[in-house]
Amino acid sequence: MNEKIKISGLQKTSLIDYPDNISTVLFTQGCNMNCPYCHNPGLIPKEGFNKYLNIDKFLQFLEQREELIDGIVITGGEPLIQESVINLMERIKEYGLLIKLDTNGTNFHLLKNIIDNKLVDYIAMDYKGPIEDYGKFCGNVINKRILDNIKRSKELIISSDFDYELRTTIVPEMHTEDIISKIAKELKGTSTYYIQNFRSEKVNSVKLNNKRSFSEEELNNFRNIFIREGIQTKIRN
Numbered sequence: 000m001n002e003k004i005k006i007s008g009l010q011k012t013s014l015i016d017y018p019d020n021i022s023t024v025l026f027t028q029g030c031n032m033n034c035p036y037c038h039n040p041g042l043i044p045k046e047g048f049n050k051y052l053n054i055d056k057f058l059q060f061l062e063q064r065e066e067l068i069d070g071i072v073i074t075g076g077e078p079l080i081q082e083s084v085i086n087l088m089e090r091i092k093e094y095g096l097l098i099k100l101d102t103n104g105t106n107f108h109l110l111k112n113i114i115d116n117k118l119v120d121y122i123a124m125d126y127k128g129p130i131e132d133y134g135k136f137c138g139n140v141i142n143k144r145i146l147d148n149i150k151r152s153k154e155l156i157i158s159s160d161f162d163y164e165l166r167t168t169i170v171p172e173m174h175t176e177d178i179i180s181k182i183a184k185e186l187k188g189t190s191t192y193y194i195q196n197f198r199s200e201k202v203n204s205v206k207l208n209n210k211r212s213f214s215e216e217e218l219n220n221f222r223n224i225f226i227r228e229g230i231q232t233k234i235r236n
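Position one of the sequence shown corresponds to residue 0 (numbering that gives the first Met the number 0), numbered consecutively onward.
If you're looking for bench data, these hints aren't it; they were derived computationally from the structure. Note that the structure is a prediction, hence the values are computed from the model and not measured. There may be inaccurate statements among the hints.
Stated by the list, open to error - Cut-off 25 angstroms, straight-line C-alpha distance, at most; resulting in silico cross-link-like pairs (DSS-like, lysine-lysine):
(1) K3 to K50
(2) K5 to K117
(3) K3 to K92
(4) K187 to K153
(5) K50 to K135
(6) K92 to K111
(7) K184 to K153
(8) K92 to K181
(9) K187 to K45
(10) K153 to K181
(11) K201 to K187
(12) K150 to K181
Between the sequences and the hints, there should be enough to build the whole structure, so can you do that?
Listed below in structure tokens is the structure:
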């Protein structure tokens, strides 16, 4: 197995990261986006400040915990910037565990490879904003190739026959009602969508420190926009 995959953290037990399952969460290092509202800013650089998790020790941990958990959540950062994530998934599957993948959808080809080889059971894809202005929401320049990958990943996930969710973290002043309406139109056909309310604790941009979150009334108004497009929508507040 290629052990070069950079895993910067591990949460032994989570009851909320994999819907309806008890999971262990792995945090991979590095992301190809720079979202100002990212709540894991330490995972954005390609190189982390801490030692990376030893894969052999992690597999030993799985042997001890496989009867206590249902699955593994692989999150980041952006896991799919590391090609060796597929080797890790293959090893996890040897233990008969479920795998949930969190991704921004920019590596369509690796995502399709993972799906085709049935290495994932649940995918959560972040959809940052309307495609025409995507760079405004992810903090860096997004070229046509990456935008095409994001659109293809979204369509691949929606047309798949496994569990998934699309989701958007919404930030006051960035996600207006007009922006939300554009996202809803672009995500038509999605079966499960989550609106995730912005929280200002430990975010990437100091400009967002202590900024407000959306109110419950505002969140419900946004939810209704998606419902009118036929999208089953839930709120994570």
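Inset, instruction - Report the numbers of all earlier hints that the structure fails to satisfy, in ascending order. - result: 5, 8, 9 and 11
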